[in-house]
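For the protein sequence lines, the chains are A and B, in the order given. Everything in the first sequence is counted per my numbering, starting at 1 for the first residue and increasing by one. Everything in the second sequence is counted per my numbering, starting at 448 for the first residue and increasing by one.
Hints listed in this document are in silico derivations from the structure and should not be mistaken for laboratory results. Please note: incorrect hints may appear among the correct ones.
[Stated by the list, open to error] List time: in silico DSBU-like cross-link candidates among lysine-lysine, alpha-carbon distance up to 30 Å:
| hint | chain 1 | residue 1 | chain 2 | residue 2 |
| --- | --- | --- | --- | --- |
| 1 | A | K277 | A | K380 |
| 2 | B | K491 | A | K268 |
| 3 | A | K82 | A | K277 |
| 4 | B | K449 | B | K491 |
| 5 | A | K380 | B | K449 |
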Amino acid sequence: MSNAALLTLAEARARLGQRDISADELLQACRARIARWQPRINAFIDTELRHAGAASGPLAGIPLAHKDMFYRAGRVSNCGSKIRKGWVAPQTAAVLERLDAAGAADIGTLNMSEFAYGPTGHNEHWGDCCNPWNPDYITGGSSSGSGAAVAARLVFGALGSDTGGSIRLPAAACGVTGLKTTWGRVSRHGAMPLSHSLDTIGPLARTAEDCALIFQAIAGHDARDAITSRAPVQVNLMQRPLRIALSSDWIEQNAHPEVARAVLAAAKVLGATREVKPPAFDTLSAHCLTVMQAEASAQHLQWMRERPQDYSSAVRVRLEMGYPIPAAQYLEALRLRTSHLEQFVSTTLAEADAYLCPTIAVPLPTREQTGPGGGPDMPKRLADVTRLTRWVNFLGVPSLSVPCGFDSRGLPIAMQLVGRPFAEGTLLAAGHAYQRETDWHRRLPPE
Amino acid sequence: MKNLTHETIENLFGTLGVPLAPGRAERLAPAVNGLNVADPLREKLPFEVDATTYVLAQERCR
């Protein structure tokens, strides 16, 4: 194999099983690509081996790396921040324990937005993470390093967290597959909190099949995270039929023409023909922001009192937003969540297994356009990028972002498939079916 | 809900002990007030629903 790092996780696993390749060869292939790509994209924070892979297990010997917010006892988790720079974790995250038990190698920590509170991949403390397809453009955030590292084939998969789009945005912007899990599906024990009513953990990988392998290793009840469900973790990638709903008119009228064309073409491949009224994206997104900002600001209250100067200006502004939100408004948003979830399932998904829409409906902006010097258009650009992700977090349902094309600048376009609570298996089956018919996920960023 | 004024916001920050740069409250007010959106489901919200009933809804909606 000329470059083992270019295999998918499932392919690498099969080659390891056949003894066509060794775990050490996989690791060296990844390390060689990290050495070449890291100066260009700044995806890694630390490349020191954190956990050696095992000889057995469903992910035996597979090199992974994770967002720098999943704690490992005795090791540093900087959380993308100055405030937690050099902080040594006292415990290991449940998800890392499970990946260790599955035999995966943990080969470093990945860049992220400061405290996972930013949708672009900018980071003034650790340096911006850059898009492998063109470093002038954003990676999406907050799991920026996870998206960039998987896209550049530096690792076979990575964990991210998704509170308002932080797995799906970098997956979409970097051209990889990302699974936002159901709220309560994956334990958050030992992971940095942002907003407890919305935080979820999931994989970014090259394919839906690869995401399924990581998802099955990490999902399931954990007594240390009281909200985790006992719902069985079932994935059958050959599950059929798959009934997919969409709102073609909304996509044509609201998405950029290149995005609309790619997503509607993907819908045809998936046989998505059930037209439905779109969910109230903007209302749900506003409720999501109410909950996220109130909870994140409460989580950071002590540091905002004592060390406000140690936050970047962007994160400090976001945290300031949460304090004036009235408690009644915050709790009313949480009460409305039940009604909106029931409405989504009983109307949008009444005759479908998944709802299809773009992950990002606008052309990807540059880092300059969305950074500290972005000017008066910057807030609108950020709102456009996140318009179609937050509503999913408010409902708490799963969503799979899948690459489905490229724009005229050569940057990835993605769709997302949104399902019922705990229906990750259905979404992964749909993503897998699509990727058997297309090759967007196999394309490589220019060397 | 009524819109918050920048004076109210400044007082809130003072109460919480969080420093706020001069002029920030004026810029925060419209952003915070913008989150208080109209929602037709608000009027139909049953009295008995609270934040914890969402977990039960998740099970019903599987």
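- Task: Below or equal to 30 Å on CA atoms is what counts here, so check K82 of chain A against K277 of chain A.
- Result: Violated, because 45 Å separates the two Cα atoms, which is more than 30 Å.
- Hint consistency between K491 of chain B and K268 of chain A [alpha-carbon to alpha-carbon, up to 30 Å]: violated, 37 Å
- Is K449 of chain B close enough to K491 of chain B, meaning Cα to Cα at most 30 Å? Since the Cα atoms of K449 of chain B and K491 of chain B sit roughly 20 Å apart, the hinted pair holds (cutoff 30 Å).
- Message: Would the hint linking K380 of chain A and K449 of chain B be met if the CA-CA limit is 30 Å?
- Response: holds, 25 Å
- Query: Is the straight-line distance between the alpha-carbon of K277 of chain A and that of K380 of chain A 30 Å or less?
  - Reply: This hinted pair holds, its Cα atoms lying about 25 Å apart.
Violated hints, listed in ascending order, are 2 and 3; each of the other numbered hints is respected by the structure.
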